[in-house]
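Letter by letter, the chains look like this.
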Amino acid sequence: MAELTEELSQVKGEEPGVATSKDVRVYPNPEPTGHKPVDAPTGTPTVVVDDLHIVYRVYSASSDHEKGNAVSALVRMLKRQGRPQMKEVHAVKGVSFVAYHGDAIGIVGRNGSGKSTLLRAIAGLLPPHAGAVYTDGQPSLLGVNAALMRELTGERNIVLGCYAMGMTPAEVKEKYQEIVDFSGIDDFVQLPMSTYSSGMGARLRFAISSAKTHDVLLIDEALATGDREFRKKSQERIKQIRESAGTVFLVSHDHKVIEETCNRVIWLHKGKIKMDGDPKEVMTAYNKG
Amino acid sequence: MSQPESAVADAQAGGRSAQEPLAKLAKRYGLRRAIARPRFHVYLRQLWERRHFMMTYATSRNVSKYSSSALGQLWQVLTPLLNAAIYFVMFGLILGGAKGIENYPVFLLTGMFVFTYTQRSVTAGAKSISGNLSLIRALHFPRAALPLAYTIQELQQLGISMGVLLLIVVWSEPPTLLWLLIPVVLALQSLFNVGASLVMARVGSNMRDMNQLLPFIMRTWLYASGVFFSIQDKVVDGAHLPQWVANVMYLNPAASYIEVMRDILMPQDHNPPAFAMAGCVFWALFALVFGFWYFWRAEERYGRG
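As you go down the protein sequences, you meet chains A and B in turn. Position 25 of the first sequence, counting from 1, maps to 25 under UniProt numbering, and the rest follow consecutively. Position 241 of the second sequence, counting from 1, maps to 241 under UniProt numbering, and the rest follow consecutively.
Quick caveat, the hints were computed from the structure, so don't treat them as lab data. Note that CB positions come from ideal geometry on N, CA and C, so glycine has one too. The reader is advised that the hints may include incorrect statements.
Claimed, not checked - Distance windows between CB atoms, simulated:
no.	chain 1	residue 1	chain 2	residue 2	range
1	A	Asp-227	B	Leu-213	19 to 29 Å
2	A	Lys-270	B	Leu-213	36 to 46 Å
3	A	Glu-243	B	Phe-282	54 to 64 Å
4	B	Tyr-29	A	Val-75	53 to 63 Å
5	B	His-41	A	Glu-229	28 to 38 Å
6	B	Trp-48	A	Arg-150	25 to 35 Å
7	B	Leu-81	A	Glu-155	25 to 35 Å
8	A	Val-89	B	Pro-183	44 to 54 Å
9	B	Ser-68	A	Thr-168	24 to 34 Å
As the list claims (entries may be wrong) - A short list of chain B residues far from chain A (calculated; beta carbon distances all over 10 Å):
no.	residue
10	Ile-35
11	Phe-91
12	Tyr-104
13	Ser-134
14	Leu-139
15	Gln-156
16	Asn-247
17	Ala-274
Using the sequences provided together with the hints, build the complete structure.
Structure, rendered in structure tokens:
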């Protein structure tokens with residue numbers, strides 16, 4: 001269970017004190033504000049989100065005020081009440097927007113505002129409850145954590161992760177050394193991932209996930225983790241990936257990253273779009289609110 | 001429900017002519033739904049392209065399963081051996097199930113190993129979607145790859161169990177040319193298992209209580225398949241039930257595979273019903289076709305949990 005929670009937190013990118021800590025500044029050359037790192041939108045839509053609703057079903061242990069014993073469960077059944085353990089979470093409530101080729105869109109919002117859920121829906125991994133997402137090509141989420149197994153060696157995990165992302169054996173062979181070199185874990189690649197420090201694990205996961213190229217790319221924040229040097233390296237890699245991809249969505253709590261890399265920001269609040277527009281404007285409003 | 005808000009967002013989306021519906025805009029630029037079920041033959045092709053993932057995933061799970069124990073991979077051999085010993089003591093010696101059955105150890109072990117293969121595939125299949133939601137919500141691949149990988153994992157385990165079984169059999173029954181049929185029967189059973197685990201994967205993905213219910217269903221199936229007794233002896237000769245009851249029991253998929261496998265391993269001592277082999281072929285084809293079709297029908301909904 002603890003492992004699962006850990007994995008989920010990695011997927012969601014909510015490791016404490018990673019991307020949100022204010023006093024860690026690892027971007028060597030802050031570019032002048034207002035700079036647009038990617039070409040202006042060319043006018044071709046690549047992602048259309050049309051009144052999207054996402055509803056999760058969550059099964060959890062009953063909370064304090066509900067009795068969790070068999071008798072009360074039986075009573076509930078006789079009274080034909082629904083299972084209290086099953087809760088429906090309406091994570092995204094009617095979001096619509098159009099993303100264009102060349103857009104780098106930042107998505108900001110508090111924890112639980114539906115950012116990661118929206119990304120998953122765009123990637124076609126979560127079925128919409130209502131509405132639709134239309135895309136050009138196959139958007140992919142940058143991240144392979146869920147496919148990896150802690151008990152296995154780094155070596156096996158690299159192969160497994162690459163196959164999970166849909167590579168062919170030839171591609172895996174070609175990328176293997178590159179991944180090992182980039183992650184910088186050297187001989188540890190022969191050891192099970194459970195023996196890695198959290199930083200090493202994060203480095204290897206990032207190295208695997210970023211080994212593939214994508215059309216429409218969705219980045220969830222906690223990717224750039226690890227020590228100072230590696231964060232620099234991974235920022236660079238994200239930049240490269242971003243430039244080669246047609247459209248990029250970036251979820252981050254780090255305002256600097258958003259302002260530096262995006263030409264448009266969507267502010268999600270409780271599953272709805274609160275603001276959508278120029279990074280400076282949106283971020284100013286977001287910081288006030 | 002949140003029309004006002006989304007209308008605002010619409011207006012802010014900008015860059016497109018006044019009130020064109022978004023669905024139309026998407027169509028005009030040839031965009032496709034992000035989550036759509038591919039045509040059946042396309043789906044099968046995509047699945048074939050993921051064969052390396054399935055194999056690696058299955059092997060990895062088998063390796064990681066025993067990696068925390070001191071004896072490690074040795075457990076892959078020890079587990080079936082210990083199981084065999086317990087079944088023999090329990091059913092052969094204490095409960096006296098051996099009465100009237102020639103070469104009871106081989107009879108029992110064949111039934112047990114063959115049944116366990118199907119049982120474990122089906123049980124694993126039922127959990128393959130509901131237990132892997134984080135993977136399904138993170139990466140793109142035909143979802144059938146998961147139940148398939150779980151069945152491959154069980155097949156790898158069975159390979160070891162079969163090795164153990166054949167060693168025990170050789171001790172009492174000399175190998176014959178019939179043994180060449182063993183891979184054929186196992187292949188048919190694997191096809192059936194794939195189909196059954198695909199069906200259970202979809203059922204398990206939206207029926208959470210399935211995992212609690214399955215052990216009971218499996219135990220009933222175990223008793224109905226004549227794993228440690230001869231169906232003919234107990235049902236017709238012992239309980240004086242009509243012959244058709246025994247025939248129906250023999251027709252169930254697990255019993256079909258068990259009976260045929262016993263016929264191969266102990267040709268002198270065992271007489272399976274004539275239709276057993278036909279049952280094996282029928283169940284394999286039926287389960288496979290139906291399983292793929294049934295699983296594929298819900299392909300785009302597996303991420304919701």
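So, going through the hints one by one against the coordinates:
1. A:Asp-227 - B:Leu-213: 19 to 29 Å: Violated: the Cβ-Cβ distance is about 49 Å, outside 19 to 29 Å.
2. A:Lys-270 - B:Leu-213: 36 to 46 Å: 38 Å, holds
3. A:Glu-243 - B:Phe-282: 54 to 64 Å: 57 Å, holds
4. B:Tyr-29 - A:Val-75: 53 to 63 Å: 55 Å, holds
5. B:His-41 - A:Glu-229: 28 to 38 Å: Violated, since His-41 (chain B) and Glu-229 (chain A) (Cβ atoms, about 49 Å apart) do not stay within the stated range.
6. B:Trp-48 - A:Arg-150: 25 to 35 Å: 29 Å, holds
7. B:Leu-81 - A:Glu-155: 25 to 35 Å: Since Leu-81 (chain B) and Glu-155 (chain A) have Cβ atoms about 31 Å apart, the given range 25 to 35 Å holds.
8. A:Val-89 - B:Pro-183: 44 to 54 Å: 49 Å, holds
9. B:Ser-68 - A:Thr-168: 24 to 34 Å: 32 Å, holds
10. Ile-35: Non-interface label fails for Ile-35 (chain B): nearest chain A Cβ at 4 Å, not farther than 10 Å.
11. Phe-91: 33 Å, holds
12. Tyr-104: 39 Å, holds
13. Ser-134: About 4 Å separates Ser-134 (chain B) from the closest Cβ of chain A, which leaves it inside 10 Å; violated.
14. Leu-139: It is violated; Leu-139 (chain B) is separated from chain A by about 6 Å at its closest Cβ, not greater than 10 Å.
15. Gln-156: Given a closest Cβ separation of 15 Å, the condition holds.
16. Asn-247: About 39 Å separates Asn-247 (chain B) from the closest Cβ of chain A, which puts it past 10 Å; holds.
17. Ala-274: Fine: 45 Å to the nearest Cβ keeps Ala-274 (chain B) off the interface.
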